[in-house]
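There are 2 protein chains.
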Amino acid sequence: MEKPEHHIFVCASFRADGDAKGVCNKKGAVSLLPYIENEIIDRGLDAQITSTGCMKACDHGPVMVIYPAGLWYGGVESEDAVDEILDALEDGEAAESYAL
Amino acid sequence: MEKPEHHIFVCASFRADGDAKGVCNKKGAVSLLPYIENEIIDRGLDAQITSTGCMKACDHGPVMVIYPAGLWYGGVESEDAVDEILDALEDGEAAESYAL
Chain A
31 MEKPEHHIFV
41 CASFRADGDA
51 KGVCNKKGAV
61 SLLPYIENEI
71 IDRGLDAQIT
81 STGCMKACDH
91 GPVMVIYPAG
101 LWYGGVESED
111 AVDEILDALE
121 DGEAAESYAL
Chain B
31 MEKPEHHIFV
41 CASFRADGDA
51 KGVCNKKGAV
61 SLLPYIENEI
71 IDRGLDAQIT
81 STGCMKACDH
91 GPVMVIYPAG
101 LWYGGVESED
111 AVDEILDALE
121 DGEAAESYAL
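From first to last, the protein sequence lines stand for chains A and B.
The opening residue of the first sequence carries number 31 in my numbering; numbering runs sequentially from there.
The opening residue of the second sequence carries number 31 in my numbering; numbering runs sequentially from there.
Hints were generated in silico from the structure; no laboratory data involved.
Some hints could be false.
No more than 25 Å apart at the CA atoms, straight line, and that leaves these computed lysine-lysine pairs for DSS-like [as the list claims (entries may be wrong)]:
1. B/Lys33 <-> A/Lys33
2. A/Lys56 <-> B/Lys57
3. B/Lys33 <-> B/Lys57
4. B/Lys57 <-> A/Lys33
5. B/Lys56 <-> B/Lys33
6. B/Lys86 <-> A/Lys86
7. A/Lys57 <-> B/Lys56
8. B/Lys33 <-> A/Lys86
9. A/Lys86 <-> A/Lys56
10. A/Lys57 <-> A/Lys33
11. A/Lys33 <-> B/Lys86
12. B/Lys57 <-> A/Lys57
Covered stretches of chain A, going by a simulated chain B footprint (3 or more residues, C-beta under 8 Å) [unchecked claim]:
13. 33-40
14. 70-76
15. 107-120
Partial chain B-side listing against chain A, Cβ under 10 Å, derived [claimed, not checked]:
16. Lys33
17. Tyr65
18. Val95
19. Tyr97
20. Ala99
No residue lacks a Cβ here, since even glycine has one placed at the ideal position from N, Cα and C.
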């Protein structure tokens, strides 16, 4: 099986029962998913995006985590934030403004 | 923010709209979550478990991915499977029977 070089997890705050009630969800994390998907394609990144249930960092939501680098980001509420984070990823760095 | 040594992602196949219709979900992935949580505590692992939407490996579901090690597992349908995977994790190895 082909595995992605970067695996981007975006909290969408779904609970195990399928409810979507959490902080990240309310702050619009889900609406950024298509933008992130498009950016991955436009930039030609070998990256997979996966929405998640609560990542237990609600105070910092919306939360995004990138592995295997282990980069945790908070306050990812805008396309500009996504751009900054992906720019840094391409440079092999952390995007300091959003780093947790 | 304290980050976990191991981050265990379990596909629960929730879609962005909150529906839970996928392969991993139907095969009972969600019902294993409490068992995995208990095992993490019992073993004293520095690990966080997060449920996810589709990880695009449906043919192999239920799917589990562990980062930063980047271990992808399929067919994780039983407590025995979880035990084998966590045993291997504690030994710093991959559980070959379930590795993708």
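Hint check results:
Simply put, B/Lys33 and A/Lys33 have alpha-carbon atoms about 23 Å apart, close enough for the 25 Å limit, and the pair holds. At most 25 Å may separate the alpha-carbon atoms for a hinted pair to count; A/Lys56 and B/Lys57 exceed this at roughly 29 Å. The straight-line distance between the Cα atoms of B/Lys33 and B/Lys57 is roughly 30 Å, outside the 25 Å bound, and the hint therefore fails. Annotation: proposed proximity of B/Lys57 to A/Lys33 holds, straight-line Cα distance about 22 Å (limit 25 Å).
Of the pairs offered as hints, the one joining B/Lys56 and B/Lys33 is violated, with about 31 Å between alpha carbons and a cut-off of 25 Å exceeded. For a cut-off of 25 Å, the pair hint linking B/Lys86 to A/Lys86 stands: about 24 Å separates their Cα positions. The suggested pairing of A/Lys57 with B/Lys56 is violated, with an alpha-carbon distance near 29 Å, which exceeds 25 Å. In summary, the hint linking B/Lys33 to A/Lys86 is supported, as the alpha carbons are separated by about 10 Å, within the 25 Å threshold.
A hinted pair counts as satisfied when its Cα atoms are at most 25 Å apart, and A/Lys86 with A/Lys56 qualifies at roughly 15 Å. Taking the CA atoms of A/Lys57 and A/Lys33, the gap is about 30 Å. The hint is violated against a cut of 25 Å. The hinted pair formed by A/Lys33 and B/Lys86 meets the criterion: a straight-line CA distance of about 10 Å does not exceed 25 Å. Among the hinted pairs, B/Lys57 with A/Lys57 is inconsistent with the structure: their alpha-carbon atoms are about 31 Å apart, more than 25 Å.
For the region 33-40 of chain A, the assignment as covered by chain B holds, since 3 residues bring a beta-carbon within under 8 Å of that chain's beta-carbons and 3 suffice. Chain B is given as covering the region 70-76 of chain A, and this is violated because 0 residues of the stretch bring a CB closer than 8 Å to a CB of that chain, at least three being needed. Residue count for the region 107-120 of chain A with a Cβ under 8 Å from a Cβ of chain B: 0. That is fewer than the three needed, and the coverage hint is violated. Below 10 Å, beta-carbon pairs count as interface contacts, and B/Lys33 has one with chain A at about 6 Å; its hint therefore holds.
At about 13 Å, the closest approach between the beta carbon of B/Tyr65 and any beta carbon in chain A exceeds 10 Å, and the interface hint on this residue is violated. Because the beta carbon of B/Val95 sits about 7 Å from the nearest beta carbon in chain A, less than 10 Å, this interface hint is met. At its closest, the beta carbon of B/Tyr97 sits 4 Å from a beta carbon of chain A; the interface hint therefore holds under the 10 Å criterion. Checking B/Ala99 against chain A: minimum C-beta separation of about 8 Å stays under 10 Å; hint holds.
The structure does not agree with the numbered hints 2, 3, 5, 7, 10, 12, 14, 15, 17 stated previously, though it agrees with the rest.
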